[in-house]
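Asks: Using the numbering used here, the letters of the sequence shown correspond one by one to residues 1 to 150.
Check before you lean on any hint, since a few could be wrong.
Calculated lysine to aspartate or glutamate pairs in the DMTMM-like style (CA-CA distance at most 20 Å, straight line) [said to hold, decoys possible]:
#1 Lys96 with Glu20
#2 Lys96 with Glu115
#3 Lys96 with Glu116
#4 Lys86 with Glu50
#5 Lys86 with Glu24
#6 Lys86 with Glu49
So the derived label-pair ranges between C-beta atoms look like this [what the hints assert, rightly or not]:
#7 Arg12 with Ala100: 20 to 30 Å
#8 Ile106 with Lys86: 19 to 29 Å
#9 Lys53 with Gln146: 34 to 44 Å
#10 Glu40 with Glu20: 28 to 38 Å
#11 Asp111 with Arg54: 40 to 50 Å
#12 Glu14 with Ile106: 18 to 28 Å
#13 Glu142 with Ile106: 41 to 51 Å
#14 Arg122 with Arg54: 34 to 44 Å
#15 Leu117 with Leu38: 11 to 21 Å
#16 Arg139 with Thr84: 17 to 27 Å
#17 Arg122 with Val147: 16 to 26 Å
#18 Glu108 with Met16: 35 to 45 Å
Derived from the structure by calculation, the hints contain no laboratory data. A quick note: this is a predicted structure, and the numbers were derived from the prediction, not measured. The C-beta atom is built at its ideal place from N, Cα and C for all residues, glycine as well.
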Amino acid sequence: MPAGRWRTLNVRAEVMERLEEFMEREGIVSPNDAVRLLLERYVTLAALEELVKRIEGAAHDSVPAARSGDGGGAHDGGHGRSMTEKQRRYIERLVKDVAARRGLTIAELQDLCREELGVDPRGTLSREEASRVIEWLERMLEGSVQVPKE
Numbered sequence: 001m002p003a004g005r006w007r008t009l010n011v012r013a014e015v016m017e018r019l020e021e022f023m024e025r026e027g028i029v030s031p032n033d034a035v036r037l038l039l040e041r042y043v044t045l046a047a048l049e050e051l052v053k054r055i056e057g058a059a060h061d062s063v064p065a066a067r068s069g070d071g072g073g074a075h076d077g078g079h080g081r082s083m084t085e086k087q088r089r090y091i092e093r094l095v096k097d098v099a100a101r102r103g104l105t106i107a108e109l110q111d112l113c114r115e116e117l118g119v120d121p122r123g124t125l126s127r128e129e130a131s132r133v134i135e136w137l138e139r140m141l142e143g144s145v146q147v148p149k150e
């Protein structure tokens, strides 16, 4: 899908409830970020390209996300918008928990995050970046991400 465009998807109430549960579990505040994370986790690139073709073929109207005067609008999926206070507090707690559990200093964990995600987990993040950091830290906490040995 071209950058700067958005789609409105109509879903059944029970699907939206499950999405909201996922958002709460993952510490995500934007439904756009949640859908993006689900697509990144569970959909292959080929399947995603096919899905985009189907959506674009069925779309009768699309509106640019950034309209003049609204600073990007509510449909920008978190790009450029700062992380929420809830995300910031959760990241701080996760950083401390992961460092303690994995035997790392906070500085070492920050360096690993910079290497893996290209961002400092304790820096200024967009909502989308914060969601990616949270996901990565949760995987670190559960042990599904290996710490490189030096």
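Asks: Is 11 to 21 Å respected by the C-beta to C-beta distance linking Leu117 and Leu38?
Replies: Roughly 18 Å apart at Cβ, these two residues keep to the hinted range, so it holds.
Asks: Could you check the hint for me, namely that Ile106 and Lys86 are 19 to 29 Å apart, CB to CB?
Replies: This hint holds: roughly 21 Å between Cβ atoms.
Asks: Between Asp111 and Arg54, does the beta-carbon spacing fit 40 to 50 Å?
Replies: holds, 42 Å
Asks: Does the alpha-carbon distance linking Lys96 and Glu115 stay inside the 20 Å limit?
Replies: Measuring from Cα to Cα gives roughly 18 Å; hence the hint holds.
Asks: Taking 34 to 44 Å as the stated bounds, is the beta-carbon spacing between Arg122 and Arg54 within them?
Replies: holds, 40 Å
Asks: Is the straight-line distance between the alpha-carbon of Lys86 and that of Glu50 20 Å or less?
Replies: violated, 35 Å
Asks: Holds or violated: the 35 to 45 Å window for the beta-carbon distance between Glu108 and Met16?
Replies: Between Glu108 and Met16, where Cβ atoms are some 40 Å apart, the hint holds.
Asks: Could you see if the CB distance from Arg12 to Ala100 stays within 20 to 30 Å?
Replies: Since Arg12 and Ala100 have Cβ atoms about 42 Å apart, the given range 20 to 30 Å is violated.
Asks: Is the hinted range of 34 to 44 Å satisfied by the C-beta distance from Lys53 to Gln146?
Replies: holds, 36 Å
Asks: Does the Cβ pair Glu142, Ile106 satisfy 41 to 51 Å?
Replies: violated, 19 Å
Asks: How does the Cβ-Cβ distance of Arg122 and Val147 compare with 16 to 26 Å: does it lie in that range?
Replies: Holds, at about 18 Å.
Asks: Hey, Lys86 versus Glu49, does the alpha-carbon distance stay inside 20 Å?
Replies: Judged against 20 Å, a Cα distance of about 33 Å means the pair is violated.
Violated hints, in rising order: 1, 4, 6, 7, 10, 12, 13; the structure is consistent with all others.
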